[in-house]
Structure formats: structure tokens, C-alpha cells
Amino acid sequence: MKERNIHEDCVDQMIRLFAERIYRKGETQIPVDTEGRIRVDDLEMGPSVQNEVSARLATVDESNLHKLADPDGFRNDFLRAHGFEVPGVDYEQEVLSFE
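For the sequence shown, the UniProt record's numbering begins at 1 and goes up steadily by one.
Derived from the structure by calculation, the hints contain no laboratory data.
Small disclaimer: the values here were computed from a predicted structure and weren't measured.
The C-beta atom is built at its ideal place from N, Cα and C for all residues, glycine as well.
With beta-carbon atoms standing in for the labels, derived distance ranges:
| # | residue 1 | residue 2 | range |
| --- | --- | --- | --- |
| 1 | 48 | 89 | 31 to 39 Å |
| 2 | 83 | 58 | 31 to 39 Å |
| 3 | 49 | 19 | 15 to 23 Å |
| 4 | 61 | 29 | 43 to 51 Å |
Could you put together the complete structure from these sequences and hints?
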């Protein structure tokens with residue numbers, strides 16, 4: 001998805017949820033699927049992306065993992081979403097206590 005410039009991290013997806021689904025200017029109906037769910041997985045569930053994922057999964061192994069996938073990007077996104085490895089944060093600083 002990064003290669004197609006449609007990658008979203010958790011925050012990007014939440015922003016799109018509100019901007020394109022919940023608070024759409026001039027729209028009163030929130031778009032939902034056939035089961036009434038508000039979906040924001042349309043980018044990754046598109047046929048072209050799914051076909052590419054299937055093709056890569058069929059051939060991925062330890063020798064080509066970093067070429068066919070982005071495990072480092074996944075790790076960084078996961079850590080940052082949970083407050084770790086955030087650029088500009090000095091993790092050696094003492095934690096302030098408000099007790």
C-alpha cells in the first residue's frame with residue numbers, strides 16, 4: 001500500500017473515518033455496508049491490493065521478506081501507536097509524577 005501511496009496508520013484511518021464517513025459536508029447519510037457497518041478498510045480491501053497481497057504471500061519467505069513486505073514499517077507503526085520510538089521523545093528523561 002505504501003508503494004501505491006494509500007498506506008494509512010491508525011491515526012490516518014481514524015481521521016478518514018470522521019472526515020469521509022461520519023462528518024461529510026452536505027451529507028446526512030453515513031455510508032455503511034450491507035450489514036450496517038461503517039467501513040474504512042476499502043483501500044486495503046480493493047481487488048488490486050488483494051491480488052497483490054495474495055501474489056506476494058504465495059512467494060514470500062525469509063530471503064525475500066524485506067523486498068515483498070515491510071516488517072520494519074509494521075513494527076515502527078505498531079510501536080509508535082503505543083507510545084514507543086516516537087521521534088523527538090527522550091525516553092531517558094525521568095517520568096513526571098503528579099502525586
